[in-house]
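Number of protein chains: 2
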Amino acid sequence: MAKLNHSKKTLNNENFEAELQDRVNQAISKISGKSSIIESAISYALVNPGKRVRPLLVYLAADAIGLDLEKVDSLAVASEVIHTYSLVHDDLPCMDDDDLRRGQPTLHKKFTEAHAVLAGDAMQSLAMDLIVNDQNISADQKVKIISFLAKTIGYEGMILGQAYDIEFEDKSVSKDEIIEMNQLKTGMLLEFCIRAPLLLINSRDDNWERLASSVGISFQLIDDLLDLQASEESLGKATRKDIELDKKNFPLTFGIDETQREIEIYENIAIDSLTNLGLNNHPISKYVTELFRRKI
Amino acid sequence: MAKLNHSKKTLNNENFEAELQDRVNQAISKISGKSSIIESAISYALVNPGKRVRPLLVYLAADAIGLDLEKVDSLAVASEVIHTYSLVHDDLPCMDDDDLRRGQPTLHKKFTEAHAVLAGDAMQSLAMDLIVNDQNISADQKVKIISFLAKTIGYEGMILGQAYDIEFEDKSVSKDEIIEMNQLKTGMLLEFCIRAPLLLINSRDDNWERLASSVGISFQLIDDLLDLQASEESLGKATRKDIELDKKNFPLTFGIDETQREIEIYENIAIDSLTNLGLNNHPISKYVTELFRRKI
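Chain order of the listed sequences is A and B. Under this note's numbering, read the first sequence as residues 4 to 299, first letter to last. Under this note's numbering, read the second sequence as residues 4 to 299, first letter to last.
Bound-form chain A, shown alone (with noise of 0.2 Å):
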């Protein structure tokens, strides 16, 4: 690994999370447009008073490195563009069939089944042209990213793991294979914001790869957890709906206690790693520590 400079480091412990929040809000205004009705659509579900765990993650990510927070702005607006776009779609009728995301009308009830699937459809080539006009990384960089995150969210990435969600219905699973499911569905976008910006310095650190995979991998399980925990008003989604459908999460398959023992195996991991990364009083630890206790 190269040696990184953590010179630059401009976050601080204090208020990093409103500041990183309100730089993503900042940029989604920018490219949330009302002039037609499919900007619009894009515009609802992309502005909302979601926790940017994404594009916090590329932000935090850079910092540790001592990258500049201009060289990752498109990256983070792009993760967060993917990860609503792929919640969009995950939400229709014929996918998940949700009436609320975060307490308002998802998007096809607010508009219609085909705008949601429009909308879907738009956010992910805005992802990828969000990437490409970046005035602040070269074309090699730009080629670099897309190719990872293509291969994130591709057949092999999100959309194979969303496909076991449909398959893995109607019979008995291990928890192997759940815990497979889980890295490709939401773990790999995880994986790739934390990761994403290593590959703008050319570097790469199995402490990081550690840290990227152990809180991609543990984040369904802790949403899973918290879903099978919390009441239907709370979480402002419909509770123990998987139930009904007869999905297959961690929890609701092998108990509370042993998705709690696997969540803290990934914490392990995720805090040893940020020890050896020397980054114990960065905010990305903070960070990372608050995704693995969140309780809502």
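Heads up, a few of these hints could be off.
[Claimed, not checked] Restricting the straight-line Cα-Cα distance to at most 20 Å, the calculated cross-link-like pairs of lysine to aspartate or glutamate (DMTMM-like) are:
1) B:113 <-> A:170
2) B:113 <-> B:143
3) B:37 <-> A:170
4) A:37 <-> A:20
5) B:154 <-> A:42
6) B:250 <-> A:116
7) A:112 <-> B:116
Source of the hints: derived by calculation from the structure; they are not laboratory data.
With chain A fixed as given, assemble chain B onto it according to the hints.
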């Protein structure tokens, strides 16, 4: 415009169509795996006896400007993959609700609606992946192509055209509005195919642009005319369905004669442009003329 080199012309007027279709089909068979249900669904959609119009336009334009076909292989295949993804989503029950495509069950009939959404999504990423991983073009060329492609298929391009298609169901529309819809939903991708090879040599020319837009805009006019004239059997897709859905297309709204006159205008522009480019004896002229005069 840079002086173009016509000396490398490899195609001849006798067998270019079958030769190029074969080239596309071989490339498609290489990317058509079966190791998951998603790959099988993608293969089902891509492997078919279609005419491969978009890749053929890519190859013919490339050959006409002296580019080796190897330079545009990924572009050619990506254009077909994008076209196929758009058909798969367009056929969905919430969109045009078509059961047949080229005489075969549509993807959501053969698999499920969820798989059709997911396979379409994955095909969009696949097209980008093919371009960024092409060994025959530079990073700068890849960035230009992806930027052009993302705009072509995005919320101001193909997707906007699809949204107009829905919006126009409930209102009376002008000729210009239908032409604009056609240009967006079908024309822009065909234009992309003809113009993208020129991007690779940093060239542009008004005649190429006029050729590209006339082929692009007229394509949907011709399709809609054939659809109105043909029976369900011979065309392999639902005929006169647009009437039921109150779809606004040119022949349905303004009649067959007016449509034929409109097509003739674009054909004359295309032929004039080809003449100006000195391409009357190049296979592209034969192919474009056949496109305008096609009967099925």
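Checked hints:
{"no.": "1", "hint": "B:113 <-> A:170", "in the structure": "holds, 16 Å"}
{"no.": "2", "hint": "B:113 <-> B:143", "in the structure": "violated, 40 Å"}
{"no.": "3", "hint": "B:37 <-> A:170", "in the structure": "holds, 15 Å"}
{"no.": "4", "hint": "A:37 <-> A:20", "in the structure": "violated, 28 Å"}
{"no.": "5", "hint": "B:154 <-> A:42", "in the structure": "holds, 14 Å"}
{"no.": "6", "hint": "B:250 <-> A:116", "in the structure": "holds, 18 Å"}
{"no.": "7", "hint": "A:112 <-> B:116", "in the structure": "holds, 18 Å"}
Going down the numbered hints, you'll see the structure goes against 2 and 4, while the others check out.
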